[in-house]
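Chains as they are written, first to last, in the working numbering: chain H, 1 to 264; chain G, 1 to 242; chain A, 1 to 222.
Hint data in this document are derived by calculation from the structure and do not stem from the laboratory.
Incorrect hints may appear among the rest.
[Unchecked claim] Some chain G residues close to chain A (C-beta under 8 Å, calculated; not the full set):
(1) Leu30
(2) Phe33
(3) Leu69
(4) Arg93
(5) Gly129
Just so it is clear, the structure is predicted and the values come from calculations on it, not from any experiment.
Heads up, the beta-carbon is just placed ideally off N, CA and C, and yes, glycines get one too.
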Amino acid sequence: MTKPMAGDSIEQSPVGRRVSTGSRATFWLGAVVALGVLTLILLGFFGAPEDDQQQDAVRMIFVHVPSAILTYIAFGATALGSVMWLWKRSVWWDLVAHSAAEIGVIFCGLTLATGSIWGRPTWNTYWDWGDVRLVTTLILFLIMVGYLSVRSMGDDDATATRAAIVGLIAAVNLPIVNRSVEWWFDRTLHQQSSLTDGNLEDLTLFTLVFGIVVWILFFAWAMIHRFRVGWLERELRTGDLDEAIAARRAEALIDSQPQNGASS
Amino acid sequence: MVGPKTVEAGGAASVPLVSIVRLSGVVALLGRFPALAGIDLEVGPREIVLVQGPNGAGKSTLLRLCAGLLRPESGKAEVLGHDLSVHRAAVRRSVGLLGHDTALYDDLSVVENLRFWAVASRVDGAGVGPAMDRLGLPSRLHDVAVGKLSAGQRRRVALAAVVVRRPQLWLLDEPHAGLDQSGRDLVDQLVTDAAAAGATVMLASHELDRTVDLATRHVTVAGGTITSDRPGEGGRGVEDVL
Amino acid sequence: MFSDVRLVAAKDLRIEFRSRVTVSQVVPFAGLVLVLFGFALDANRPVLETATSGLFWVTVMFVATMAVQRSTAIETNDGARRALLLAGIEPAAVFLGKLIAVAVQLLVVEVVLVAGVVVLYDARIESWALLLSTCLVATIGIAAAGSVLGALVAGVRARETVLPILLLPVLAPVLIGATRAFDDALGSVAVDGWAWLGLLAGFGAINVVLGALAYGVLLEET
Chain H
1 MTKPMAGDSI EQSPVGRRVS TGSRATFWLG AVVALGVLTL ILLGFFGAPE
51 DDQQQDAVRM IFVHVPSAIL TYIAFGATAL GSVMWLWKRS VWWDLVAHSA
101 AEIGVIFCGL TLATGSIWGR PTWNTYWDWG DVRLVTTLIL FLIMVGYLSV
151 RSMGDDDATA TRAAIVGLIA AVNLPIVNRS VEWWFDRTLH QQSSLTDGNL
201 EDLTLFTLVF GIVVWILFFA WAMIHRFRVG WLERELRTGD LDEAIAARRA
251 EALIDSQPQN GASS
Chain G
1 MVGPKTVEAG GAASVPLVSI VRLSGVVALL GRFPALAGID LEVGPREIVL
51 VQGPNGAGKS TLLRLCAGLL RPESGKAEVL GHDLSVHRAA VRRSVGLLGH
101 DTALYDDLSV VENLRFWAVA SRVDGAGVGP AMDRLGLPSR LHDVAVGKLS
151 AGQRRRVALA AVVVRRPQLW LLDEPHAGLD QSGRDLVDQL VTDAAAAGAT
201 VMLASHELDR TVDLATRHVT VAGGTITSDR PGEGGRGVED VL
Chain A
1 MFSDVRLVAA KDLRIEFRSR VTVSQVVPFA GLVLVLFGFA LDANRPVLET
51 ATSGLFWVTV MFVATMAVQR STAIETNDGA RRALLLAGIE PAAVFLGKLI
101 AVAVQLLVVE VVLVAGVVVL YDARIESWAL LLSTCLVATI GIAAAGSVLG
151 ALVAGVRARE TVLPILLLPV LAPVLIGATR AFDDALGSVA VDGWAWLGLL
201 AGFGAINVVL GALAYGVLLE ET
């Protein structure tokens, strides 16, 4: 069960030594991400042209769309991790599920926030109920908050199982949620998929794709760190099972006043 | 480690007895806490085992484990021939557990509760009446909601639920608690009769002066392990027969 | 298996009948909500008429949370959960039995609510078939999702506040679908209610199956 991740060098911490979730791999990954983000900002603000109708607001697309994509990637990871925990009792997958849920909630919130902010100047409303994707994402956000709520209730296997079932229920029900919202409003203010209709200027398209890649790398970087934090937390809690057993057995010596009494 | 009795008083040639409970190095966790930290125990049929020990020692956990309610973390655990790490469900039908809580529905009457649990356990409902009589529950109480009974009466109903099941292995956690004198005598009688009829009984109790005469074996649990295991004074009925 | 389902359902309903919680607390609560909405919407008839479907189902959602909490509490109060395991009843049977009991209670409340909206909001029912079918199908879905989530939070501290957080988002499709179906049944909006009923049926089927599978894990492990 002590499966190290590729290229890591977690320092096991005897008392006093600093423990870090960083490693060579994450350092380079982080550097690439930082560089990517910088490039993205430059491209986004100065490279890509204004949109005729939306003007500068269209730049929101470079945050909103990747966040949305990542939300669903993260949620997918949580769903998969939940299944693997229930099926194989895999601690690794359980940690993936938990980490992805935390990061996913943040991206989800970001998606909703940027969607809302973007919507205001563009469509003159902070929130459009007719926007299928936005409404579905909102419900997903609420469900993930519930998932994290359940997770926070304990740190043992029973909690992991409970959370995994929430994840499973969420995963199974989400398509139904989407379908029902879709039927509810046939029309949507939401832009039809900007990626596929090819109306985007070349540079905007490039920036968007570039942005998605950068965000995915960022997600990976965040996941690795969060996963490792979870791993260390878990090790701290579990401590050594043998130590716990030894401590438990030692209780016998403390309580060893003769209990037998006069045996008749 | 004292094993199951293979030679009865009188030295009759022993037929190898199938162990009812066989635990070897069993560790069981409650959450992350090792409530049982290495239990070695073997119990044979018709034994009446008194499990004693300080609070928090693991007595209740031991009983729950033997009932098939807990998964052993490590070690070998076999009850009634079933491996507890995989076949807990099979064990449950054959055991009767009396825990600290009554597992009764407060809004249902005594009869309704007992009938429910009898049907749920696939046991003949005809045993309900006799069980109520056995436990000294007068007929005026039969249709009273369990929530309205006193604690001692509720305990008797809970015991009746165990009696109705006619289990092979009786697991009683502090059965005398909350009962009056006649109730306690009743428990003792039930235990003796059960063992005489071929069942095995494990009871956790602090009532040492009473159970000392009853038990064929005294086991002390402390710190999640068995710290002492010696024969007791009881079970004379069984020995006389053999 | 089916006899076990009947056994558990009958037990839950008998307990409910004895304690009269549904009749004396839940139904008045539902009625009260309708009245309060009347106050809040300024007794504005056209608004109330348009809002009837939504108010109806929102009320049902709240009642459902109460019903599920009660259903779960029955088992956790005195360690009956453990005894159910010991008895050897199939967990799926326990799930279905409790689901049926919750559904029956919800249906009782819904009957009262229908009477309530007819009287208080002047609702005219065009299609009784659609109305009643919607109540039945939606209720099964609600009871299914509720029962499994109820069992999930059983035994956890602060369970009362967590259950609605988990349950209500999952029930969003039911709220959307049942409301639209009711709109059709009440003749207030031109939608295809029967199509929505199909979606509700799908939701119900999926969650019943999911619940039956997950219940065993929950009983054993938590």
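Checklist entry - Looking back at the numbered hints, which does the structure fail to meet, lowest number first? => result 1, 2 and 5
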